[in-house]
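K.L.:
Residue-level listing of the chains:
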Amino acid sequence: MTAKSRAKLIQRSRAKPLPRSRGNPDPARRSLPNLLVPIDLRDGEPTLPSLFALSEGRRVAHVAGATVFAIVFTESRLPEAVAAQLGRAGADKVLLCEGAGLGAPPLDATHGAALYAAVERVPPLLVLFPAGGAGDELGPGLAARLGGAFAAVADLEVGEAAVSLADGVGRVFIRRWRGDHTGYRRIDPVELERPVVAVMPAGGPPADLGTGDVEIEVIECLTPPKAGVVELDSEADDQAAVALASVLVTVDPALGPDALAALAAAAPAGVTVVDPTAAPAGLAAAAPRLAIAVGARELRLTNTPRGRVAVVAPPGGAPPRPSADVLWPVPPSGGAFWTELAAGLGALAPGAASAAPPKVPSGGPAKGPTKGSSKGQPKKPAKGPAS
Amino acid sequence: MNVIVCLHAPPPDAGGRVELGRDDALALAQVLSLAATGAPVRVTALLAGGATDTAPLQRALAAGADRAVRLAGEDLGSADFHTLGQVLAGGIKRLGADLVLTGMRSDDEGLGAVPASTARQLGFVHVSAVEELRIGDAAAGGASVEVVVRGGGRKRRLRISLPAVLSVTAGPRPPAAPPERTGNPSDVEVLSLADPERTVVRRRTEFLGQPETPSRGTETVTSAAALIAALTRA
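Going line by line, the protein sequences match chains A and E.
Going by our numbering, the first sequence opens with residue 1, and the numbers climb by one from there.
Going by our numbering, the second sequence opens with residue 388, and the numbers climb by one from there.
Calculated from the structure, these hints are not laboratory results.
As the structure is a computational prediction, the values presented were derived from the model and not from experiment.
Any given hint could be a false lead.
Only pairs whose alpha carbons sit at most 25 Å apart, straight line, appear in this in silico SDA-like list of lysine to any residue [as the list claims (entries may be wrong)]:
| hint | chain 1 | residue 1 | chain 2 | residue 2 |
| --- | --- | --- | --- | --- |
| 1 | A | K226 | E | R620 |
| 2 | E | K542 | A | S234 |
| 3 | A | K226 | E | A401 |
| 4 | A | K226 | E | N389 |
| 5 | A | K226 | E | L509 |
| 6 | E | K542 | A | E45 |
| 7 | E | K480 | A | A227 |
| 8 | E | K542 | A | G101 |
| 9 | A | K226 | E | T619 |
| 10 | E | K542 | A | E98 |
| 11 | A | K226 | E | E533 |
Next up, chain A with everything else stripped away, as it sits in the complex:
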């Protein structure tokens, strides 16, 4: 570390091997008020959903009396600027899991042991994965190992505990939709007496609730001897921007190419427009805070109770799903209704004022399945094999 750095290396230790027992660990060790956020790095930089997850952790940390840890998988040292960025977003400390192959995209087979080593080092109350990251891959396996709960895409809520707790500890809850959107599920980690592993939605820009002063602790992790997974080839993920999007607009291809082109051309930075048939995997992994489904095609999105979904139902279209928060049934005289919608997209940009002036879209074809921008979108191939 240089004299200019505010990131400070405080400890280096070696990871313990994964326990062979399949029994659940001692719950008393699992109830410490630590919030862990595994960071999703792209080209060496944290994605926006990662920073948002940190800021959400920071938001509730003072209520829970908790310390916020950012967990970073890496093959080498972390640039000080990145550590400071994680600190500003909300991390008190950075746990650096160093080991051969850990710079590759995470898989349970190759990264699960390293994540468990971090959790052994810092027993958590909550583990919060960022949207579009490794939550679906690593989260359930971690919850299974910890004997904890898992919530796929959930909000962090602060409220009154049913039983009063010292210093307000435990007044943090996890709330998620049931998969069929018929109701919510609410989990109290303290009442459960087990850690809760959750995936956060893709929120707006992080609030920078923390400071750049952050401590770094390094855990040396060994690569599993028999991961059972070998990477054969790899290319840039053309659906990555969809998975990371905080504002997502899907356009039913049945409306014709003009609708997608007009909306894509009008999308400001931070708003991703996509043909849902061109990015099914990206949509399955997405957890946007705001979504608009344009057209009759049913949109199956995972979002949270705080997220909002709008449906634009074209004339003569099928009735929309009941879980939409906002419905615009376009009248038969609606014509090219998407131009009206395109003019308002500017107001959806992260950080935009709600009264942003409308602009007229210039049109033009969309290139590829998506249009828009996201800081987490890959620019060049990442390096490293799977195992």
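Fit chain E to the known structure of chain A by using the hints.
P.N.:
What follows is chain E alone, placed relative to chain A:
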């Protein structure tokens, strides 16, 4: 190669019919496509549930599964993923499997955690969000499959040594579309949970969380501007 496709009983549709779960249909399509190419696979559909939950198994038989097995257990619909993983793993051990496929998420709770729990109980490798699947090159040494997954900004093709549990997500292949007919209920075999191996199963429904009623409905608007305003309203 013995392939087990784990299914669940989703909530009935608007017409009261119970179909295949959405992601389950993707998993079934993947394995049936392997069989269609002449790969030596034997497909068993497996579901843990009550006697009234066999509809997805009958659909799987009609779609081309060789065998359908129900792990008998009432009220498993409200069980947590630890319990379900334990139950399914017990059945899979009895049946024997080289490869276990599941849908990424269930239609009811939508957690996507049962596959990882099942893999942990079995001691198998687990890989989630598989988009494409094919039998691995035998010359590479040992039984394996090749899959396509995304993560960390990369789209990757991986070779996975068997045995393994894979959860399948939406990809280029459309979901299995079984014909309107269904298999005969009497063709569904039943494995009882009431044996000593399964007495360790404990139901821990609190892991799912307390149910709450959503506090909002659908707001209907008449213009794009009103839609944007409603979406961005705090």
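K.L.:
Give a verdict on every hint.
P.N.:
Now for the hints, and whether the structure bears them out:
| no. | hint | result |
| --- | --- | --- |
| 1 | A/K226 to E/R620 | 51 Å, violated |
| 2 | E/K542 to A/S234 | 6 Å, holds |
| 3 | A/K226 to E/A401 | 47 Å, violated |
| 4 | A/K226 to E/N389 | 22 Å, holds |
| 5 | A/K226 to E/L509 | 16 Å, holds |
| 6 | E/K542 to A/E45 | 19 Å, holds |
| 7 | E/K480 to A/A227 | 21 Å, holds |
| 8 | E/K542 to A/G101 | 17 Å, holds |
| 9 | A/K226 to E/T619 | 49 Å, violated |
| 10 | E/K542 to A/E98 | 23 Å, holds |
| 11 | A/K226 to E/E533 | 17 Å, holds |
Consistency note: the structure conflicts with the earlier hints numbered 1, 3 and 9.
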